[in-house]
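Let's have the full structure, built from the sequences with the hints guiding it.
Those sequence lines, one after another, are chains D and S. Counting in the numbering used here, the first sequence runs from 1 upward without gaps. Counting in the numbering used here, the second sequence runs from 1 upward without gaps.
I should point out that these hints are in silico values taken from the structure, not numbers from a laboratory. One or more hints might be untrue.
To be verified - Within a straight-line C-alpha distance of at most 20 Å, the following computed EDC-like cross-link-like pairs (lysine to aspartate or glutamate) qualify: (1) 132(S) <-> 109(D); (2) 92(S) <-> 291(D); (3) 132(S) <-> 148(D); (4) 92(S) <-> 299(D); (5) 113(S) <-> 21(S); (6) 92(S) <-> 110(D); (7) 132(S) <-> 110(D); (8) 211(D) <-> 75(S); (9) 211(D) <-> 283(D); (10) 211(D) <-> 232(D); (11) 132(S) <-> 97(S); (12) 3(D) <-> 178(D); (13) 5(D) <-> 36(D); (14) 5(D) <-> 50(D); (15) 3(D) <-> 58(D); (16) 47(D) <-> 58(D); (17) 5(D) <-> 30(D); (18) 211(D) <-> 227(D); (19) 189(D) <-> 155(D); (20) 47(D) <-> 75(D); (21) 211(D) <-> 291(D).
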Amino acid sequence: MSKPKLAIYWAAGCGGCDIAILDIEARILDVAAAFDLALWPCAADFKRKDVAALPDGDIALCLFNGAIRTAENVEMARLLRARSATLVAFGACAAAGGIPGLANQFGRDELLARVYRETPSTDNPAGTVPGPRTAVPEGTLELPALEERVRALGDVVAVDYTIPGCPPQPARIWAVLETIVRGGPLPPKGSVLGAGEKTCCEECPRRREEKRIRRFVRPHEIVPDPERCLLDQGLVCLGPATRSGCGALCPAAGAPCRGCYGPPPGTRDQGAKMISALASIVDSQDPAEVEAILAGIADPVGTFHRFGFASSLVRGVRP
Amino acid sequence: MTFEPRIVGFLCNWCSYSGADLAGVSRIPSAPNLRAIRVMCTGRVDPTFVLRAFELGADGVLISGCHPGDCHYAEGNYKAMRRVALLQAVLKGAGVDPARLRIEWVSASEGEKFARVVNEFTARVRALGPLKAAAEPVAAAAD
Ligand code: SF4
Ligand code: SF4
Ligand code: FES
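In C-alpha cells form, the structure reads like this:
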C-alpha cells in the first residue's frame, strides 16, 4: 500500500526551517517510514514537474517555509496548495513574512536601487539590476520577477495550519509530526500548531519585579544579571508580546526575546502589544524625558515587528 | 474639489468628550471631519485601535484626554502619551508622517480649545493629503 505523501518547500527564507526539520535527528527515519516524499528541494531530487503531475489533494501534508517574495514563490504556493490536502505555513516567514518582510519598509525599485547601485560596497558601473528578462548575446535570460511587496503564505493561498518560530523548535516540530504520523486528531483548521497558548514570559525562568524603566540598553552595552528579567534591566525583550512554545530559549540564554513565535493568542498585532507593554513601564511623565528614554530603542519597526511586519496592522496603514 | 480628510478622534469620557459637547452646545464651529469615539480614558486606547483606524481608512487619528494630573484614573493619559510616542516612531518607519497621529489635553470646560484643536489638526492632515494615495501604489501582483 502506498504511504501518504509529504512535501517540504523552501520559498523566500534562509533555509533554517529545513535545518530545523533535520534537527529532529533519528526521528526523521520515523517520518520517512510514515510518508513518501513528494518534494523536498533541500534533501531530495524531485522537481516542480513531479508535483505538477500529481492529482489535486494528493499530497497529504505540505510544510511550506519561506515568505512570498518572487513570482516563483507565488506559483509554487498555488501549485502546492492545489496538490496538498493539508498546507502548513511553517516558520515565521511563511506565517507572517518573517525577516524578509522588513523589506516592505521600502518599495521594490527603492530596494533594487539600494542593493545594486547605492551601497558603499557596490561596484556596478554599468548599473546592472536583475530583472525578469535580460538580453545577452546568446539570447534572453529569464528570472522570476520580484513582487512589489513580501507577503505571508496565507496572503496568497488558503493555509490550514501555522507552525510559528524562526525556526520552529525541533522538539515542537516532532510533537506535531508524531501526532500526524500516529494519525492522531489535529485541532480545527486555522489553528497554530507546535506552540503554546500563553506568552514567552510564562515559560521564562527569570525573576520579574516591578518594572520601572528610565533607560533602555542594547545587548552589547551590559552584561545582564543572570537571574533578573531582561526587560527589568532595560533590554527590550519581546517576551510579553510573544507566543509561548520555544521554552523561552533566548532569555534563558541571556538574550532578549525577538518575538519569533509571533503574537500570543487573541493578539492581532504583536508590535502594538509590545508598544502597550513598554508604555506602561517607562518611568516618566514628562513628554521630553519620555521621548529621550524611548529614543534609546534602536530601530522601532525592526524591534516591534521584526518577524511580522509584512502581516502587521502597520502594513495596512499603507496600501 | 479639496480633499476632506477622515479623522478618527478617541475622546475620554471625563474631559475631552465633555469639552466636545461644550463646543457643540456653545455653537463654536469646528471641522465636521472628526468621527468621535468616546472611551472611558485615553489609557483605554490600545495601540491596536490606532493602527486599525489607519488601516480602515482614517487619514489622521486624534487622541484627546484630561490634562496631566487630571486623569480620572490617575495615569491613563501618561500611558497614552508614551504609547503615542512609540506609535509615531513605528509609523515613521512605515513611511507614514507621524503628524497624522496627535495627542491633546482638553478639559470639560475647554470647548473653545476643543474646536481649535480639531480645526488645526484637520487643516494639518488636509495639507498632508490622503494617507493611502500618499504612498506609492502597489504594482498589480502577478495574479
Ligand atoms: S526576560 Fe523577557 S521573556 Fe523573560 S520574563 Fe522578562 S520580558 Fe518576559
Ligand atoms: S525566546 Fe523569542 S526569539 Fe527566542 S526562540 Fe523563543 S520566541 Fe523566538
Ligand atoms: S480619564 Fe481622561 S484621560 Fe484618563
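Hints not upheld, ascending by number: none
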